[in-house]
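Colleague: What follows is each chain in one-letter form.
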Amino acid sequence: MFSGLMLTAWESASIVAVVAGVVGFFIGLRGSAFAAHALPNGAFAGAAGASLIGVDAIAGLAVFSILGALTIAALGRRARHDVATALVIVVMLGLGSLFLSMTTEYAPEIFSLLFGEVLGVSSSELIPIAIIGVVCIAAMFLVYRPLMLSSVMPDVAEARGVGSTRMEVIFLVIVALTTTMAVPVVGALLIFSLLISPAAAARSFTNRPFTAMGLSVLIALGTVWSAIALAYLSNLPIGFFVGSIGAGTYAAGRLWAGWKRNRASTPRVAGGRSRAQVQIS
Amino acid sequence: MQGRAVDGSDEILAVDGVSVTLSGREILRDVTFHINAGEFTGLIGSNGAGKTTLIRVILGLITPSSGTVRVESGSRGHPLIGYVPQRITLDPDMPLRARDLVGLGIDGQRFGLPLPSATRRKQVDEMLDAVDATRFADSRVGNLSGGEQQRILIAHAIISHPRLLLLDEPLANLDIGSEQEVVDLLARIAREQRIAVLISTHDMNPLLPVMDRIVYVANGRIATGTTAEVVSSESLTKLYGVHVDVIHVHNRILVVAGRREEALQHGGSESIVELV
Ligand SMILES: Nc1ncnc2c1ncn2[C@@H]1O[C@H](COP(=O)(O)OP(=O)(O)OP(=O)(O)O)[C@@H](O)[C@H]1O
Ligand SMILES: [Mg+2]
Chain A
1090 MFSGLMLTAW
1100 ESASIVAVVA
1110 GVVGFFIGLR
1120 GSAFAAHALP
1130 NGAFAGAAGA
1140 SLIGVDAIAG
1150 LAVFSILGAL
1160 TIAALGRRAR
1170 HDVATALVIV
1180 VMLGLGSLFL
1190 SMTTEYAPEI
1200 FSLLFGEVLG
1210 VSSSELIPIA
1220 IIGVVCIAAM
1230 FLVYRPLMLS
1240 SVMPDVAEAR
1250 GVGSTRMEVI
1260 FLVIVALTTT
1270 MAVPVVGALL
1280 IFSLLISPAA
1290 AARSFTNRPF
1300 TAMGLSVLIA
1310 LGTVWSAIAL
1320 AYLSNLPIGF
1330 FVGSIGAGTY
1340 AAGRLWAGWK
1350 RNRASTPRVA
1360 GGRSRAQVQI
1370 S
Chain B
467 MQGRAVDGSD
477 EILAVDGVSV
487 TLSGREILRD
497 VTFHINAGEF
507 TGLIGSNGAG
517 KTTLIRVILG
527 LITPSSGTVR
537 VESGSRGHPL
547 IGYVPQRITL
557 DPDMPLRARD
567 LVGLGIDGQR
577 FGLPLPSATR
587 RKQVDEMLDA
597 VDATRFADSR
607 VGNLSGGEQQ
617 RILIAHAIIS
627 HPRLLLLDEP
637 LANLDIGSEQ
647 EVVDLLARIA
657 REQRIAVLIS
667 THDMNPLLPV
677 MDRIVYVANG
687 RIATGTTAEV
697 VSSESLTKLY
707 GVHVDVIHVH
717 NRILVVAGRR
727 EEALQHGGSE
737 SIVELV
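Chains as they are written, first to last, in my numbering: chain A, 1090 to 1370; chain B, 467 to 742.
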């Protein structure tokens, strides 16, 4: 379970999980889940186009996801953001269907772009994945504070010289790069799960932003590791496990938050200050 | 009146001949006023007068159709403006405590991760204490009440040491006791730290004891000067274009429009409208 191909699988999936955990934290903060859905799906068309002209899938993914990110940011300044995002995904999916109709690829290759092929990642692919991963993390840490300020209060940030358009472009390009490195590993459909679920679950466990980001990374790592192990043992597709474990962690987080709320609001009668006390200021 | 700069070197904000047209409608026309360091200015006007619009023009979020806005640059060349918006929605799901938001006021625009430090923490604690927010410092900002969020936003704005502090209806969500506390705090900060403070409000009364200057917006135009100069029957009648009475009762000022003689003739007070 830990040798050869499998080792590359563990490594690439771990890199993807760390980046998805960090980037996903900000996707939750900014409420940009729709863009995180659109970019990988659109990038899938890029990979199909790349195979058509015979270049590396990663090149196609990078070109399409970054173009998509820039278009969403540019259109989003004038139109409603969700409409801009929807337009981009529609155009890219259209191109994708055109490329697929022209290509002679076998169905399994297409399938692996959509649902990932963690066991199919070769050690030569591992290098670009690792480089892009490091770039994403470094960029996230670099813009951590201005991006947070701009995500929480865009106008206030603008008053302090943190332009919201600039932050939007930077962030969407980081999401595009994350997409580029993650699609070959976990697939265009399932990277969405890794970008959303761990961060959403982490939010339920803590009030502290940096802790939530760290927790999001840990949950993402736990998700992919157990998914690989379960896929290996059961011979079922890894995507099934990534998706269902992701949903499971989120449900666990909500349950935990609900339980904590209940406990906090149960009045303690003997001795302690109960909620029933009235305070007049 | 205090510290009017003679040489203009103390001038923090200069708004000159600014007109604003939004969706084909002229909202503000030929607005001119200047604010100096340490001055406390009230931006007074009724709902829809254009207070928020004027503040967003100063912030550079709205481009005026004519005129110029100049904000004195900070030491690093870009104008340091603290801003408290009128309305803000903070997601209750967001893992961000009140103290984190105040902390972002110190260094939110800087690159790199925030490194925990004792001085930073002390600074945040003191600021939280100053706005009476220590009680909910560790709660999620999104879960706080409107008035509690207002205090946190004020703390966020003040802790960044701006040269110019723009607050859009900061008193709207506060009860009367808190209102006076916040006004006193802002007045003290303006004086001690030589910050130019511009506060918008539809009720000037809480500001009367501390205001150095008024910018009174009505009909898309402004009247500016000291409270005594602006809030007078002549000056406001000119601004509104209808007869206006300024009534002083119990240390409060009431601004009402409508011809008293007409109202009396008709045997009622229907045509008397309280303005702000
Ligand atoms: N984008 C826009 N397009 C057209 N009209 C606008 C636009 N934004 C604001 N207005 C109009 O400009 C006027 C001034 O609005 P503004 O928000 O500045 O008022 P305000 O003085 O802040 O009022 P309030 O006390 O209610 O906050 C209003 O009549 C409003 O309808
Ligand atoms: Mg307003």
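One or more hints might be untrue.
Said to hold, decoys possible - Output of the computed footprint for chain B on chain A, the stretches with three or more beta carbons under 8 angstroms from beta carbons of chain B:
id: 1; segment: 1233-1242
id: 2; segment: 1297-1303
Unchecked claim - Facing chain B, a subset of chain A residues (Cβ under 8 angstroms, in silico):
id: 3; residue: E1100
id: 4; residue: V1251
id: 5; residue: R1292
Because the hints were derived from the structure by calculation, they are not lab data.
Just so you know, even glycine gets a beta-carbon here, dropped at the ideal spot from N, CA and C.
Colleague: Hint by hint, where does the structure go against what was stated? Just the numbers, ascending.
Modeller: Hint 3 contradicted; others consistent.
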